[in-house]
Structure formats: structure tokens, C-alpha cells
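The primary structure of each chain is shown beneath.
6 protein chains.
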Amino acid sequence: MATLSKRRKPLAKPSHIRPDGSLMMVDVGPKATTERFAHARALVRMSAESEVALRKATLAKGDAFAAAQIAGIMAAKQTAQLIPLTHPLALSKVSVEFTWVAAGLLQIDATAQTSAQTGVEMEAMTAVAIAALTMYDMTKALERGIAIESLRLIEKRGGKSGRWRAS
Amino acid sequence: MATLSKRRKPLAKPSHIRPDGSLMMVDVGPKATTERFAHARALVRMSAESEVALRKATLAKGDAFAAAQIAGIMAAKQTAQLIPLTHPLALSKVSVEFTWVAAGLLQIDATAQTSAQTGVEMEAMTAVAIAALTMYDMTKALERGIAIESLRLIEKRGGKSGRWRAS
Amino acid sequence: MATLSKRRKPLAKPSHIRPDGSLMMVDVGPKATTERFAHARALVRMSAESEVALRKATLAKGDAFAAAQIAGIMAAKQTAQLIPLTHPLALSKVSVEFTWVAAGLLQIDATAQTSAQTGVEMEAMTAVAIAALTMYDMTKALERGIAIESLRLIEKRGGKSGRWRAS
Amino acid sequence: MATLSKRRKPLAKPSHIRPDGSLMMVDVGPKATTERFAHARALVRMSAESEVALRKATLAKGDAFAAAQIAGIMAAKQTAQLIPLTHPLALSKVSVEFTWVAAGLLQIDATAQTSAQTGVEMEAMTAVAIAALTMYDMTKALERGIAIESLRLIEKRGGKSGRWRAS
Amino acid sequence: MATLSKRRKPLAKPSHIRPDGSLMMVDVGPKATTERFAHARALVRMSAESEVALRKATLAKGDAFAAAQIAGIMAAKQTAQLIPLTHPLALSKVSVEFTWVAAGLLQIDATAQTSAQTGVEMEAMTAVAIAALTMYDMTKALERGIAIESLRLIEKRGGKSGRWRAS
Amino acid sequence: MATLSKRRKPLAKPSHIRPDGSLMMVDVGPKATTERFAHARALVRMSAESEVALRKATLAKGDAFAAAQIAGIMAAKQTAQLIPLTHPLALSKVSVEFTWVAAGLLQIDATAQTSAQTGVEMEAMTAVAIAALTMYDMTKALERGIAIESLRLIEKRGGKSGRWRAS
Numbered sequence: 063m064a065t066l067s068k069r070r071k072p073l074a075k076p077s078h079i080r081p082d083g084s085l086m087m088v089d090v091g092p093k094a095t096t097e098r099f100a101h102a103r104a105l106v107r108m109s110a111e112s113e114v115a116l117r118k119a120t121l122a123k124g125d126a127f128a129a130a131q132i133a134g135i136m137a138a139k140q141t142a143q144l145i146p147l148t149h150p151l152a153l154s155k156v157s158v159e160f161t162w163v164a165a166g167l168l169q170i171d172a173t174a175q176t177s178a179q180t181g182v183e184m185e186a187m188t189a190v191a192i193a194a195l196t197m198y199d200m201t202k203a204l205e206r207g208i209a210i211e212s213l214r215l216i217e218k219r220g221g222k223s224g225r226w227r228a229s
Numbered sequence: 063m064a065t066l067s068k069r070r071k072p073l074a075k076p077s078h079i080r081p082d083g084s085l086m087m088v089d090v091g092p093k094a095t096t097e098r099f100a101h102a103r104a105l106v107r108m109s110a111e112s113e114v115a116l117r118k119a120t121l122a123k124g125d126a127f128a129a130a131q132i133a134g135i136m137a138a139k140q141t142a143q144l145i146p147l148t149h150p151l152a153l154s155k156v157s158v159e160f161t162w163v164a165a166g167l168l169q170i171d172a173t174a175q176t177s178a179q180t181g182v183e184m185e186a187m188t189a190v191a192i193a194a195l196t197m198y199d200m201t202k203a204l205e206r207g208i209a210i211e212s213l214r215l216i217e218k219r220g221g222k223s224g225r226w227r228a229s
Numbered sequence: 063m064a065t066l067s068k069r070r071k072p073l074a075k076p077s078h079i080r081p082d083g084s085l086m087m088v089d090v091g092p093k094a095t096t097e098r099f100a101h102a103r104a105l106v107r108m109s110a111e112s113e114v115a116l117r118k119a120t121l122a123k124g125d126a127f128a129a130a131q132i133a134g135i136m137a138a139k140q141t142a143q144l145i146p147l148t149h150p151l152a153l154s155k156v157s158v159e160f161t162w163v164a165a166g167l168l169q170i171d172a173t174a175q176t177s178a179q180t181g182v183e184m185e186a187m188t189a190v191a192i193a194a195l196t197m198y199d200m201t202k203a204l205e206r207g208i209a210i211e212s213l214r215l216i217e218k219r220g221g222k223s224g225r226w227r228a229s
Numbered sequence: 063m064a065t066l067s068k069r070r071k072p073l074a075k076p077s078h079i080r081p082d083g084s085l086m087m088v089d090v091g092p093k094a095t096t097e098r099f100a101h102a103r104a105l106v107r108m109s110a111e112s113e114v115a116l117r118k119a120t121l122a123k124g125d126a127f128a129a130a131q132i133a134g135i136m137a138a139k140q141t142a143q144l145i146p147l148t149h150p151l152a153l154s155k156v157s158v159e160f161t162w163v164a165a166g167l168l169q170i171d172a173t174a175q176t177s178a179q180t181g182v183e184m185e186a187m188t189a190v191a192i193a194a195l196t197m198y199d200m201t202k203a204l205e206r207g208i209a210i211e212s213l214r215l216i217e218k219r220g221g222k223s224g225r226w227r228a229s
Numbered sequence: 063m064a065t066l067s068k069r070r071k072p073l074a075k076p077s078h079i080r081p082d083g084s085l086m087m088v089d090v091g092p093k094a095t096t097e098r099f100a101h102a103r104a105l106v107r108m109s110a111e112s113e114v115a116l117r118k119a120t121l122a123k124g125d126a127f128a129a130a131q132i133a134g135i136m137a138a139k140q141t142a143q144l145i146p147l148t149h150p151l152a153l154s155k156v157s158v159e160f161t162w163v164a165a166g167l168l169q170i171d172a173t174a175q176t177s178a179q180t181g182v183e184m185e186a187m188t189a190v191a192i193a194a195l196t197m198y199d200m201t202k203a204l205e206r207g208i209a210i211e212s213l214r215l216i217e218k219r220g221g222k223s224g225r226w227r228a229s
Numbered sequence: 063m064a065t066l067s068k069r070r071k072p073l074a075k076p077s078h079i080r081p082d083g084s085l086m087m088v089d090v091g092p093k094a095t096t097e098r099f100a101h102a103r104a105l106v107r108m109s110a111e112s113e114v115a116l117r118k119a120t121l122a123k124g125d126a127f128a129a130a131q132i133a134g135i136m137a138a139k140q141t142a143q144l145i146p147l148t149h150p151l152a153l154s155k156v157s158v159e160f161t162w163v164a165a166g167l168l169q170i171d172a173t174a175q176t177s178a179q180t181g182v183e184m185e186a187m188t189a190v191a192i193a194a195l196t197m198y199d200m201t202k203a204l205e206r207g208i209a210i211e212s213l214r215l216i217e218k219r220g221g222k223s224g225r226w227r228a229s
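Residue numbers (my numbering), protein chains in the order written: chain H, 63 to 229; chain F, 63 to 229; chain G, 63 to 229; chain S, 63 to 229; chain U, 63 to 229; chain B, 63 to 229.
The set of hints was computed from the structure by calculation and includes no laboratory data. Only a predicted model underlies this, so the values are computations on that prediction, with no experimental measurement involved. For glycine and all other residues, C-beta sits at the position ideal for the given N, C-alpha and C. Among the hints, erroneous ones may be present.
What the hints assert, rightly or not - Derived DEER-like restraints, expressed as beta-carbon distance ranges:
(1) G:Lys222 to F:Leu167: 32 to 38 angstroms
(2) G:Glu97 to B:Lys222: 56 to 62 angstroms
(3) F:Thr161 to B:Thr96: 33 to 39 angstroms
(4) F:Lys222 to U:Gly207: 55 to 61 angstroms
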């Protein structure tokens, strides 16, 4: 069965890599301009005790979360300078949100959207990665072993391949 | 017993947050200049089939890995522009390395070092995060669900708190 | 009377702030693309003696003003990296001009324009601010107390709210 | 008397400008490394009504102020990329603070410090300017005519010229 | 003869310079959006011995060339931040290629393309310049006197002036 | 003879390249901090007619040259963000100068200096390259075929290898 399906669908190839193994920036000129959306998520795992200390420290004001949110948004706008073969994009919106989903488990959701000839997955992934690193920077004095778990794409829409959702 | 130890060691507090919840950049002026080292690691999980396609595409040349390595090194040098409350640092070395540790499991190790008044954990974490995102950018056409797992600090040396290693 | 006017026009709200006080980047996707223009102005106040020294030093060539002009133009192009919740914009023109309007009083005018889904006020404001800071940098050896006065928007055109001029 | 004092102290000259009017970056190599400190201040003038709306919007969380604070700190770290003839500096601390000093009058104070061969006035001035512009960006929907007044240096310490305070 | 030709074609003027000698950013707003393409080339001259050492060092992997290629592509995306009076552009493609054209003579070709109101010559020139400097950085230990020769535009297409090719 | 000299001096190897062909950033931590200086030069070749037009356009003010000078200085400060494997450096001085050395032949000289553990060749090379590209940007309307010739290092001082001068 696997063999059959492979015969019909040729093996996918990595982006940005030519047959000889050298790199290239994909030409997005011929692609259609469509609405693009991407949603990425990171989970930051800390001890329940660190969560308490962080919540307590930021009780009066939400500044720690504001810092991580802003860092994520600003990084999304710099994606083309950070990820070598991405295209510069004029994003129409970036969002970064925080939710405690279990004791000591902070979920960070980032979305990016625009109307463009190429997708915004890397913008959402970059936003969530830098927001998570900023949270790490502010909590590492509590517990150096805090880990970012499962940074990944949740959904993307737009372009020739249309909608995709993580299973 | 826990109570006793708590009495001696006051509860740790997040960095960069004042008692009123507002943010601040820590003053590193009074800190001693010592040799600083940090090692961070990310695991990128893909299907065994994607690993084969990636290895095959880059067989002739190592360009895909070179791109991710360079992106990580360049990002480490920009850490102070990405993570809001970090201090600018003149890094003396950054390294980024790749190892296949299991079928479809790519380990990325980054180290940062310098002689400074503050640590280089965020530089190593940023290098490994951007290297992992660059690998994602080059493999997402193979499999959009490739996930970064367990981005975390492995070791740090230098400064008042000395050496720390992940358990 | 105040009560009546309040009933008709609901109280304006700050941009970028949600009802719960957290931040957001406004979604400009649904907005119409129109011609956008903004004009901002700063006044730099120095002693008449400093004006003489500055004019004399730059008599042979206009380099000091060229430096401030270029710094302002380059900063306008970086607005999205400096002001956290602004959108990246492909500016079609930026100008920065200098006029001595009174003894020791240097007026700096900056304009920005493009065709976009959002306004260019922040680009003009950023251009004039960085041009003024660059003039300060070049004159502070003459007189450290030189002050930037009244950095503000003079006019903006385009978008749903149309034209606005400072009274 | 004035004539006498002029004879003893030759007329001050602008920094960065050669006798022929062309520009230069001052060579700070021969200067002593000393503790450097600078404090700059901006006043942002809005209507009392706008102050109420801003305070109300940010009551739940201090995010609007956190955004302006972070923007100011990040800009200070980029001063050498914004102001053409400044030297790159590894800042040991930057602070940005907000105080309502009268109805509708928001005072922003920024300080910068480090141990270096050149002063940090431009870093403090840049921090306060970008923090003020960010506040403008968040309040301009309330009142486009909000003005930054009196952006200036309050104090600097360190270097050959020692301490200076605004009168 | 020269006189005649001058009568028909008025003397060309430098871009970005006003009649009074001051600078300006050209307003591209009124220009038509057309397909833009530019191709620039640099020649890097080294001894035949250095070529052998470089080829030998990079035999196993093409990383040195990948580094120069990526540096060139990333620099092209930053052109508006490097060349003062250029306009920000969302490039649809950038390429950087290497060819040994004679013993010790490395040719670097860069192209840039997009659909825009202004040309992409500076993007191609910047890509090739930074790629060449990166090759120099990696070979200077072999031979400090390696020189970049003849960095120039080869071809440009699009815009009112249409196609141009170096003779 | 050649054999003898080779026995004493092992064949030089490119920097930044490991025996397996992969890249690395050199660890400058163990190197001595010494005074570093580098001087690079570019020649920009245009027709004598273009030189006349450029000189005439900039007669009133030296702004075109000021723009190229500032672009070069600002780029030198960004070298670590442009050339992948270079180390961030706090430059104490950068200079960029212009001389007409023959009809239509503009010489651009850039120097960089600081006290550091690594050399400043790439900073001087980057300054001169970006200054030359900026001159090209301002003169390309006169003559698209203007070429940068012979961008190379003229001299460097400091470090273990000491002084080197181009022959």
C-alpha cells in the first residue's frame, strides 16, 4: 500500500535546496497573492513553585508577559533577517498570547497574518520562539532547567497548499 | 525539613522584575568579569522518511546544515536586540553543531563563550533556537508537523553562581 | 453640553490596548490601501552663540546637516523595529529639512509617504526625532543643555480618518 | 569680562566636524575608561481627558508602559546604529521610568550607564526619545496632537569633563 | 559632435541630489510597478595556490561557499538599511553563485528580482559585495592581499529605462 | 628551495574552516588584546563626464560625499551582522575619505581601529565597500556602468601577525 501511494505522490523535497545540494531562495514572484495565516505554539515547562513565584512577582502588573509578547512581535517583524532564505513580508498582524495550561506549564500561542505570495509560518514560529526565550530569560533565576517543549506549527492557511492543521 | 531550608534560603525571584511588578535591566556594572560559557540544546523531531529526504538532498554538499549553523551564529550575535532585557556582549566564540541521535531525531548543540560581567545563556539559547527554526524552514515542505522538542540549557559556567549542569 | 457630546461620540480609546489592558498589534488587513502622508516637526533650542559656532563649522560643507538628514531617513525606514506595535511599511518617500526660525532655534521638518493600509505618522515622528538627536550629538560639545522642544505631528493625510492638521 | 574669559577659553567647537566642515568619528582610543552615567528626560503633554482614558485602559495591567519601557531600553542598545558618529558601547544598565507630574503631563526619565572610553548621553537620549514615541503611538488615537516637550539631558557623569547637571 | 549630442540629450544628473546640492530620497510613489531584475558581478583575485588551499579545505563540504552565499542573500534583504537613500523592497528572489573562471579568479554573480516601483540594482550590488567580503574573510589567512576586482552591474531590466546591459 | 620553505612553513589554511570542511567561528578568547588598525581602499571608475556632473551637483554642499561617508561608518559598526563568522567589536574609530586620483577615478580610503583580541580588517573592508556602493547609488543615473575596482586591504597592524602592507 505504502509502495502504491509512493508511486502516485513523488517523494517531497526540502525547500531551498537544489538538486546539487546547494541552497537557493525560492522565487515567489510567480505565486498568487492570497491571505496567509499561521499559528505556532510553544510550551514552557517549569516547576509549580516557579510558576507561583512568577505569578506573584507579576501580580501587580503584567509587565513580564508584556515584555515576552513585545519581544515575540518585534522578532516576527525581523524574521527575514533571522532565517536566511525567507522573504521579507509586510505583516498585517502578529499576536502573542499566554495561557497556564497545567501547573508549571505555560502555553504560548503566536499568530501571523498578511496578504502575500508566500506563507507566514516562519513569522509565527519566530514570534513564539523569541517570546518563549524571553520568558526563559525572566525565569531562569528561579530555575535554570526550565525547558521549552514542543515548539511547533499548529495551523496554516493560504497559498497553493491551502489549510493545514497539526493532528 | 523543607520549611527549615526555606527559612535559610529566601524564595528565589525572577530576574528583571521589581517588587512592584515592573521591569528593569539588571545593573551588571558591579559584577566581576569572569570567563562565561553556556551550552544549549534543541531536538528537532521529524519522520524517518523526512530524515532520509533531507540527508539525500544535502548529500553532495552540507549547505542546509551550513545555513542553519550560520543563522544560529548570527542570531547569537544579535541576542541583545532580540531578548529585551539582556546586555550587549562581545562574544569570543559561538558554535553550532548537528547530530542525528535517532531515526528522524536531529540534535542541535550551541555554545557561547566570552569574558564578561554577565552570563551567555541567552546567547546559546538564541543560537540553538534560530538554528532549529532554520532547519524547520528547510524541511517544512517535507513535513509541516516537524517539531522542536526540549529546547533547553545543558550547562553554564562562570559568574557568582559558578557551574550548573542540567540533571 | 459635555454630556450630550459624549453621548454622540463614544470616548476614544488608545490603540493597541485590549479591554483587559493587554497589548495587541492592530490588524490592518481589512483596511483600505490609500495614499498616506505625515509631517512631523521638532524644534532644537540652543544659544545664539552655539548657532554661530555650528554654522561656522559647517560653512565649507553642509555635512553636519547631511548626517542628521541621513540618520533621520534611515531611522524612518527602521520604524517597525523601533516602535513595538507598528506595521512594516515600504515607504515611497521620506524627507528631512532644516530651517533656522529664530536665533538659536533650529526647526526640523520630516515627511513620510506611501500607499498602505496604515498611516505613516510614526515614520515621520521617528525621522524627526533621530535627526534631532543627531544634531544634538554634533552640538553637545558646544552646549550640553541644548533641548529638543515640541516634537509633534503637524499634518497627516489618508486612511479612514482622512486629513488632520495641528491647530 | 566676557572678552577676557573668551581669551582664556577658546570658542567650543561642535564634535565630529573637522576644520574643513567634513565629518569624522572621534577617536576614543586614547581616552580613559571611566564610569559613565547619563540621565535624560522627556515630557509628553496630552489633555487631562486623554490621561484618564490611558490610565483607565491600562488599569488592569501596566502593559502600555511596559511596551514603552522596553522600546526605550532596546533602542538604547541600538544607539550606535541610529546616531551615525557614536561609538558602539556595551551598556551595563539602562532604565526607563514614567511619572505623571501634572494633569496630562507624563514625565519619562531614562538613564544609561557603563564603564567606557566615551559618554552615554546619546544612549539615554535615544532611550527617552523612543519611549516617548512609543507612548505617542499608543495614545495618538485619543488625540493626535499629543506633543513631546523638552527632550533633554538632565545629568551626565564620568570622563574628562566630569559631572554636568542641567540648570 | 559632442556638442550636438549634448543639445539633444540634456546632461544626466546624479540621483538623490537637489539643485542646491542637498540630498533627497526620490519619490517612487508615482512610478509604475513593473517586474524588476538586476544582475551584478564581482571578481575575487587570489593566487592559484590559495585557490588550491580553499578548494581543498572545502572539498568535503561546500560550507565556505554556502556561508558567502547566505551572507550575500541576507545583505540584499538589508539593502535599505545599508544604502541611505534606497527604498525598502520586498524582494521575491535573490541568488548568489560562484564560478572559478581562471586560476585563482573567483567570479561571484548575484541577481535580485521583484515587482516594484523602483529598481533592484542596489540589492544585487549589495549581495555580491557582501558575498565577496565573506569570501575574503575566509581566505585572508591564506593571503591578505586577495582583492575584489570589478564589482559592477551586468544587467538590469524593468522600469521606465527598461533593459540595460554592460558592454 | 620551494620544498625547503614549505617544510618550515606549513601550508596556510583558510580561517573558519575545520578539517572536515565545516565552518566555525574562531575562539578569540585566548588571544592577546592589542591595538588593531586596518586600512582598506576602493577605486570607483566613472567617465570624466560623470565626474564633472557629480562635482557640479555637489558643488554647493558636500552632501553626496557625506552620505557615502556616513553609510560606510555605519556599516563598519554592523560588520558582525553582515559577515557571518566575524566577532562583535567596539570600534574606537572609523574613517572614510575620498580623493579624485585621476579623471573619473575616485579613491575611497577607510580605516578602522580599536583595542581588541581580533583584527579590524573586515570592518575597514566593509566601510569602504558600502561607501563605494553608496557613491554608485548616487551616480548610477549618470552612468550605469560605473565600476568598483580593486577593493582591497592596504595595511593592517596589531595582533600576533603584526604589521602587513600591500605590496
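Do the hints match the structure? See the list:
no. : hint                                     : result
1   : G:Lys222 to F:Leu167: 32 to 38 angstroms : violated (51 angstroms)
2   : G:Glu97 to B:Lys222: 56 to 62 angstroms  : holds (59 angstroms)
3   : F:Thr161 to B:Thr96: 33 to 39 angstroms  : holds (37 angstroms)
4   : F:Lys222 to U:Gly207: 55 to 61 angstroms : violated (47 angstroms)
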